[in-house]
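Peer 1: Generate coordinates for the entire structure from the input sequences, incorporating the hints supplied.
From first to last, the protein sequence lines are chains A and B.
Going by full-length UniProt numbering, the first residue of the first sequence is number 1, and it counts up by one from there.
Going by full-length UniProt numbering, the first residue of the second sequence is number 1, and it counts up by one from there.
Treat the hints with caution; some may be incorrect.
Pairwise CB distance ranges (calculated) [to be verified]:
#	chain 1	residue 1	chain 2	residue 2	range
1	A	G174	B	E49	22 to 32 angstroms
2	A	G212	B	V161	46 to 56 angstroms
3	A	A213	B	L189	49 to 59 angstroms
4	B	R181	A	A176	48 to 58 angstroms
5	A	E237	B	L28	51 to 61 angstroms
6	A	S79	B	R181	50 to 60 angstroms
7	A	G141	B	W56	37 to 47 angstroms
8	B	L39	A	G141	38 to 48 angstroms
9	B	V24	A	L219	51 to 61 angstroms
10	A	A213	B	T177	50 to 60 angstroms
No wet-lab data here; the hints were simulated from the structure.
Just so you know, these numbers come straight off a predicted model, no measurement behind them.
For glycine and all other residues, C-beta sits at the position ideal for the given N, C-alpha and C.
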Amino acid sequence: MRRSARTRLLPGALLLVLLSGCANSPDSSAPDSRASDSDTPDAETGQPLRVFAAASLQQVLDPLVQEFTERTGAQVQLSSAGSADLLSQLEQGAEADVFIPADEPTMERAQDASLIQPTASVIASNTLVIAVPSGNPGRIGTLADLADPEHALVLCAPQVPCGTVAQQVAQAAGVALAPDSEELAVTDVLGKVRSAEADAGLVYSTDALRAGAEVETILIEEAAEFPNRYPAAVLAEAEQPELAGEFIELLLSESGQSELEQAGFSPAPEASG
Amino acid sequence: MSRRPAGGAALPRWVLIPAAAAAVFILLPILALLTRIELAELPSLLSSEAALSALWLSLRTAVAATLLCTVLGVPLALVLSHATFRGSGILRTLILLPLVLPPVIGGIALLNTFGRQGLLGESLELLGVQIAFSTAAVVLAQTFVSLPFMVIAVESALRGVQKEVMEAAVVDGAGPTQLLRSIVLPLILPGLASGVVLAFARSLGEFGATIAFAGSLQGVTRTLPLEIYLQRETDPDAAVALSVLLILVAVVVIGLTRPRTAPDALR
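Peer 2: Quick look at the structure:
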């Protein structure tokens, strides 16, 4: 009898332990207690600088992050995702020191929500190009060729930054585009071009460059008028605002700019006229 | 058969605690979603042309995918449940792969199969079939991710069919087709129904494979989940409102199929 009572109680007791463990965990991840958590014993110097950057920046930021750590001794924690995702994470209370979305409207939204410090600096810009599968099976030569409905054309949806720019560029060039698909992200456009499912897609120069040999790039004259700018800002609630500022300075420095240029970005207006 | 055993097999009380935790875990986030909705704006958000065309497309494609899943999945489940051939175990495992595969990768796999440069691409092009960027591609993507649900549901129902019943029918002179039609199918109807519900629900929510394989064009390939993702880019409130629409559709469909049939289908 006693034994069976105990075996019956045991799972319940275990559960209580588990439940109380659960109940505690939200506290330990609450904003204030995080700095004093186990992996960061020294809040002033030991905590990594948290950088929220657009997915398109990830590859180019990796070497710069390394350089930053060598210079300052501070570790950098880089979170890369779509700009809208990053913004909604910040809105929901995610902690970061630096925010670098892939377009200015996203930064304006962050500004409107008082998430960032008032000064944002443009670190780089990007222009729209035509990406075609290697070999150019659709024999695309200019933007005007894309008006031909015979070609499978893929764009970003107008709601997505790259789609907005595509519309502006097409309008400036006086070309009526008839897309076969309006994708949700530039990655999806590139995916359709890489697999040669589409004859052409409009993407940013850096995306086309990243795709390597699978994709050929055709420049669009009118696109220079509609550069897409990458702004960077220190978060209003940054725990390490000075270090965050230094990180942005590094991006604007000569070595930062040359790294960005190598990845296909155009230089920031402040850095070189 | 559909009644639970009463009295004797009562549940231990402690089960209630994790059970409640599970229910809360599922319902609380959905509740949190509902609290974000501005009721006054709901009608205008839901009646936009983009929303309606996405809803209509989602319904059409999910129904088509469910039909395909039924036509293809039930025979496969029948074969697997009878399987004595070598490698049938491996086949059973492989067929479940779409469940583990990230849907985006499923979409890429479909692209490599039915795409212009895919395995079957050239043959399809010769036949004049263009799947890329068409509604058919959406249905294919949905069928790919949903088919395993149908197969699992029907196969586990088939295992519940008692051998004696079938043997008795054979003794009474029933041929294979007659056995299937008048004995097996009626017996597995509950399992089939839950297969239909699962496949339909999975098709309705399908996102990753569709975006990677079919593309996204209003009225042609942009289903409700894609529209929701797109809206989130500029108007998160509209995205939430559309999600509620998706939930409502799912609840209605599951409600229509479920009450009479499902409870003992997935035991």
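Peer 1: Please go over all the hints and tell whether each is borne out by the structure.
Peer 2: Going down the list of hints, with the structure as the test:
1. G174(A) / E49(B): 22 to 32 angstroms: holds, 27 angstroms
2. G212(A) / V161(B): 46 to 56 angstroms: For V161(B) against G212(A), whose Cβ atoms are near 55 angstroms apart, the range 46 to 56 angstroms holds.
3. A213(A) / L189(B): 49 to 59 angstroms: The hint (49 to 59 angstroms, Cβ to Cβ) holds, given that A213(A) and L189(B) are roughly 55 angstroms apart.
4. R181(B) / A176(A): 48 to 58 angstroms: holds, 56 angstroms
5. E237(A) / L28(B): 51 to 61 angstroms: Since the Cβ atoms of E237(A) and L28(B) sit about 27 angstroms apart, the hinted range of 51 to 61 angstroms is violated.
6. S79(A) / R181(B): 50 to 60 angstroms: holds, 58 angstroms
7. G141(A) / W56(B): 37 to 47 angstroms: For W56(B) against G141(A), whose Cβ atoms are near 38 angstroms apart, the range 37 to 47 angstroms holds.
8. L39(B) / G141(A): 38 to 48 angstroms: violated, 53 angstroms
9. V24(B) / L219(A): 51 to 61 angstroms: At 56 angstroms between Cβs, range holds.
10. A213(A) / T177(B): 50 to 60 angstroms: Between A213(A) and T177(B), where Cβ atoms are some 56 angstroms apart, the hint holds.
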